[in-house]
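S.K.: Here is what each chain is made of, one letter per residue.
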Amino acid sequence: MIGEWLNRYGLFVLLAGAVVAPLLAPNDYVVGVLARICLYSLLALGLNIVVGFAGLLDIGYVAFFGIGSYAYAFLASPHFGLHLPFVLAMVIVTLASATSGILIGAPTLRLRGDYLAIVTLGFGEITYISLVNLDRPINITGGPSGLISIDPPSFFGYVIERNIEYYYLFLLTLGAVVLASVRLRDSRVGWAWQAIREDELAAEAMGVNTTVAKLQAFAIGASIAGFAGGLLASWQRSVFPDNFLFQESINILAMVILGGMGNVLGVILGAIVVVALPEIFRDLALYRLLAFGAMLMVLMIFRPQGLLPARPAAEREIAEESTAPTAQPKGAPKT
Amino acid sequence: MADLISILPQQLVFGLALGTVYGLIALGYTMVYGVLQMINFAHGEVFMIGAYIGWSVFAVLIDWSVGGLHPLWVLPVLLAPAMLLCGGLGMTLERLAYRPLYMRGATRLGPLISAVGASIFLQNFVMLTQGARMKVYMTNLVFPRTWRFNIFGVNVSALVIVIVVVSLLLMWGLVALIQRTSLGRAIRAVSEDREMATAVGIDANRVVGLTFFLGSALAGAAGVLVGLYYTQIDFVMGYSAGLKAFTAAVLGGIGNIKGAMLGGLLLGVIESLASTFINPAFKDVVAFAVLILTLVFKPEGILGEKLADWKKI
Chain A
1 MIGEWLNRYG LFVLLAGAVV APLLAPNDYV VGVLARICLY SLLALGLNIV VGFAGLLDIG
61 YVAFFGIGSY AYAFLASPHF GLHLPFVLAM VIVTLASATS GILIGAPTLR LRGDYLAIVT
121 LGFGEITYIS LVNLDRPINI TGGPSGLISI DPPSFFGYVI ERNIEYYYLF LLTLGAVVLA
181 SVRLRDSRVG WAWQAIREDE LAAEAMGVNT TVAKLQAFAI GASIAGFAGG LLASWQRSVF
241 PDNFLFQESI NILAMVILGG MGNVLGVILG AIVVVALPEI FRDLALYRLL AFGAMLMVLM
301 IFRPQGLLPA RPAAEREIAE ESTAPTAQPK GAPKT
Chain V
1 MADLISILPQ QLVFGLALGT VYGLIALGYT MVYGVLQMIN FAHGEVFMIG AYIGWSVFAV
61 LIDWSVGGLH PLWVLPVLLA PAMLLCGGLG MTLERLAYRP LYMRGATRLG PLISAVGASI
121 FLQNFVMLTQ GARMKVYMTN LVFPRTWRFN IFGVNVSALV IVIVVVSLLL MWGLVALIQR
181 TSLGRAIRAV SEDREMATAV GIDANRVVGL TFFLGSALAG AAGVLVGLYY TQIDFVMGYS
241 AGLKAFTAAV LGGIGNIKGA MLGGLLLGVI ESLASTFINP AFKDVVAFAV LILTLVFKPE
301 GILGEKLADW KKI
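Protein sequence lines, in the order shown, are assigned to chains A and V. In this text, residue positions in the first sequence follow this note's numbering: the first is 1, and each later residue adds one. In this text, residue positions in the second sequence follow this note's numbering: the first is 1, and each later residue adds one.
Since the hints were made in silico from the structure, they are not lab data. Hints may contain errors.
To be verified - Here are the simulated SDA-like cross-link-like pairs (lysine to any residue), alpha carbons at most 20 Å apart as the crow flies:
no., chain 1, residue 1, chain 2, residue 2
1, V, K283, A, A106
2, V, K283, A, D242
3, V, K283, A, E279
4, V, K283, A, V132
5, V, K298, A, D242
6, V, K283, A, P152
7, V, K298, A, R136
8, V, K298, A, I129
9, V, K283, A, I129
10, V, K283, A, T211
11, V, K283, A, R136
12, V, K283, A, S130
13, V, K298, A, T211
14, V, K283, A, G143
Stated by the list, open to error - Examples of chain V residues toward chain A, derived with CB under 7 Å:
no., residue
15, P100
16, M103
17, G117
18, A118
19, N124
20, Q130
21, F288
22, L295
23, V296
A virtual CB, placed ideally from N, CA and C, is assigned to each residue, including glycine.
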């Protein structure tokens, strides 16, 4: 089974490929695309925690990305005259994003599926409109023209400037988030999330504190997006409201669902597909979004569970314990 | 402040017209949600295509017109093709992009992404075939600006009255259809319990298809009305209108037909009040804030979400 093999070794192959990829890239533009894939993989993994693990449909996720970006811009640009060191700024950015995740999560805990979705959508729109309009009467966000001359990342005096350096910084972060995702999935809180996803009432009856678990999912998801936002701001050296349109939320959600909700490797594959496809279709110029929309439909029709569907934890354990292929249960219930 | 009070009635009328149109689009979201528990993300695009169909027919009428354009026959001639074609488009979408997913037992998010794909596809299709530039409705030729009435001291244009009346007529037609016809009974049955409905001999797939037809036809009509009102249309207009209409549907209680109408009206009025008293740039912020507060304190919407209770309205 290719899927089986991918699930087991895919991450290592991908990682090895990712380390050498920029060295083989023909030009700097391709390195930039690779860096963008890493950045979006981060976002997709963060959303995967909220949607894939805990089953909370968030379609305004890009708001946290935006909050992180602007938070970094406030802390490290001439706009407010603050120039905090990169590491310190990123810590504050992450904490601020986590707080915003809890703030939006707390009032919506009682809502189920689609209502939660629409509240997060509203939150995303409110964030975007605020970013565009909070330049009057006091200039906070810089309005539609955004904020510029943001400080690049620097570590103990070493300033990161080239695309390839950014790429490895993003890749390092991605590695850490992948590790965290896998560990979280198999941890106590991860099991609580998956229990809530499958049946919230049953989870509560079994003693899962659903309030705390949901808030944790929101906070962790938001802090990953915020961190990615900080990285984006330091990479672009500028931020604009149009980086955080609703369309971006949908793109990130498409990565998660296309790749296979809840499956870490699948989600990264989803990010690669969604970022790289329009680049590959670039020759089609105007037709590239048309092709992208059609691809989304076709992929969902033929792989409704995503490219690499997540396996239930129980099945995963059995597969790992036994070497005999016959011991693996076939036709396990869909997740 | 005195200035604001004096323009308030005007703004309320504007909000009312906008609200009835939101309500028309919201009905499509609500009906589809009722039978499939799915957010039809491409619904806003159906609305946008309705506006383009109306524009195309309008352009032909202007070319051919010899004895002048009278609203009594122009309006039905614009609405009919937009409604029929949009209805057909809605059914096609359901057949091609959503039904195969249900047949294969997808999770509930699968159809959502497929709908997003359909939405991106339709937007770009219209942009590529019609061009990215705005199209202009020559509304003046049918409803001259001088046609205005003074109702209780408020100056109302004939067009606004027509929009409100047409919207209400269409809503009334839908309610009558749902309450009194066998198709309406079948739709209510499928939204209450699809399996039971199938068990008593209802072809659920056909009913879902027809529900898409009805909802999309209303969106098509809304597209023409908005085109006439704003006189400018473009290929991205479906996004914000769809978002607002969905908000209206949820505000009133999704799956609830009366709720969709009420939600639409409320949203229209809230928006016009917010742009009068706060700041036009923040009218959407106010609209979404009201939505969030409503959901937090009354998660099932103002009127509750029971589609099967339609018979009681």
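S.K.: With reference to the structure, classify each hint as holding or not holding.
M.R.: Hint check:
{"no.": "1", "hint": "V:K283 to A:A106", "in the structure": "25 Å, violated"}
{"no.": "2", "hint": "V:K283 to A:D242", "in the structure": "19 Å, holds"}
{"no.": "3", "hint": "V:K283 to A:E279", "in the structure": "36 Å, violated"}
{"no.": "4", "hint": "V:K283 to A:V132", "in the structure": "13 Å, holds"}
{"no.": "5", "hint": "V:K298 to A:D242", "in the structure": "33 Å, violated"}
{"no.": "6", "hint": "V:K283 to A:P152", "in the structure": "36 Å, violated"}
{"no.": "7", "hint": "V:K298 to A:R136", "in the structure": "34 Å, violated"}
{"no.": "8", "hint": "V:K298 to A:I129", "in the structure": "25 Å, violated"}
{"no.": "9", "hint": "V:K283 to A:I129", "in the structure": "10 Å, holds"}
{"no.": "10", "hint": "V:K283 to A:T211", "in the structure": "32 Å, violated"}
{"no.": "11", "hint": "V:K283 to A:R136", "in the structure": "16 Å, holds"}
{"no.": "12", "hint": "V:K283 to A:S130", "in the structure": "11 Å, holds"}
{"no.": "13", "hint": "V:K298 to A:T211", "in the structure": "19 Å, holds"}
{"no.": "14", "hint": "V:K283 to A:G143", "in the structure": "17 Å, holds"}
{"no.": "15", "hint": "P100", "in the structure": "5 Å, holds"}
{"no.": "16", "hint": "M103", "in the structure": "10 Å, violated"}
{"no.": "17", "hint": "G117", "in the structure": "3 Å, holds"}
{"no.": "18", "hint": "A118", "in the structure": "6 Å, holds"}
{"no.": "19", "hint": "N124", "in the structure": "4 Å, holds"}
{"no.": "20", "hint": "Q130", "in the structure": "13 Å, violated"}
{"no.": "21", "hint": "F288", "in the structure": "4 Å, holds"}
{"no.": "22", "hint": "L295", "in the structure": "5 Å, holds"}
{"no.": "23", "hint": "V296", "in the structure": "5 Å, holds"}
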